[in-house]
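**Student:** From first to last, the protein sequence lines stand for chains A and B.
If you're matching positions, the first sequence starts at 1 in this note's numbering and goes up one per residue.
If you're matching positions, the second sequence starts at 1 in this note's numbering and goes up one per residue.
Some clues are possibly wrong.
Note: identical chains are not told apart, hence a pair may lie in one copy or across any two.
Pairs of lysine to any residue, SDA-like flavour, derived with a Cα cap of 25 Å [as the list claims (entries may be wrong)]: (1) 183 to 173; (2) 183 to 72; (3) 183 to 193; (4) 183 to 158; (5) 183 to 194; (6) 183 to 203; (7) 183 to 204; (8) 183 to 198.
Think of the hints as simulated: they come from the structure by calculation, not from any bench.
Protein chains: 2
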Amino acid sequence: MHRVRVRVVEDALDANNTIARANRDDFDRFGVTVANLMGAPGAGKTALLERVLRELGGVRAGVLEGDVQGSLDADRLASLHVPVTQLQTSVGFGGECHLDANMVRSALPAIPLDEIDLLVIENVGNLVCPAEFRVGEDARVMVASVTEGEDKPLKYPLMFRACELVILNKVDLLPHVDFDVSKWSERLQTVHPGVAWMSMSARTGEGVDAFRDWLAALPERRLVEA
Amino acid sequence: MHRVRVRVVEDALDANNTIARANRDDFDRFGVTVANLMGAPGAGKTALLERVLRELGGVRAGVLEGDVQGSLDADRLASLHVPVTQLQTSVGFGGECHLDANMVRSALPAIPLDEIDLLVIENVGNLVCPAEFRVGEDARVMVASVTEGEDKPLKYPLMFRACELVILNKVDLLPHVDFDVSKWSERLQTVHPGVAWMSMSARTGEGVDAFRDWLAALPERRLVEA
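Build out the structure end to end from the sequences listed, making use of the hints.
**Tutor:** Here it is as structure tokens:
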């Protein structure tokens, strides 16, 4: 019985990877680079996008917004005049806690892939399951916040491992919370040795230029690597 | 095909409810009242327990700690000299993002039910899936934090609906974040009309007495209702 259950889970994972590759082929055909943005609820993913999306130089960006319900984040981003597509996961019982490759695939016809160079997929706020599902992206970015506590890399190691860049957000609150940045970064390096990370505040704008530059250079980096 | 898939999900939910009832029977047999504590990663669930568990008057408390990996929270709580049992969900692929009734059932033999009156189950940090699985508890408490943003009741309505008490934590940070408490509470009442809520700061201790009193009175309230 247990053996059968394991087999089903493996099949599901394989199906996800198969569809992720199909997504990737479509992104390649249109020359679109894709970043998957993950983090806990309230880490500041949308606020960061509000800061950086309008200043990407010549890079034409689009957003795919994953939410359990509603379109609050998509509405916020629509004012930036970048194409935003809303993907709701509430069709399942109670709502899915992550995006998978098939959900992203179902949204592809609604995304103007021929008009953009960079697609940012804002995942559902969650530190567990989004890390388990590739969706066809080139890079995964994880947003952590100083209000979440310095223990989070050790408590949710898969999420901190499953990304090419970690952003430490809300550093404007450092004087008001018990958070030791060097302790946090030590723990981050323990679970993901050598991973790039940068600190910033989406609220004050401090340090967000580094993330904007990283995003703006992503299409070029991808071409070099390919 | 779609029809079959839906049937499987319903079976899974029924199995969870069946096991939740079995858990509940065991809790009843030992006269143990159970609170299921939910919230996003970093909302302050463990910090709140550190504040209230040692001052519950004559009520003997125990804790079941649900985590994807590690025992950081259990280690923190063990210093309070209440019995703490650690339940790790990382046996699945990448780790389960919630506790279900069967996981709690598997932990029952390790919990000294004959020595406690109140069991607090600290769920995995997540605003989606924990709300979908009853585990045999008497009451569900949800911890939100002012750093998560005032939009969260609308974005994660099931979680805010699936509880008897909502705690708004980290109010010491209100002067430093953009968070309108009255706007948040309006949204909370929209998704869960009439739900009880209280605000506090686990960091400064402001307002935590109200939660301590609520927890300490839970076994008595349950007897009256039964």
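**Student:** Of the numbered hints stated earlier in the document, which are not met by this structure?
**Tutor:** none
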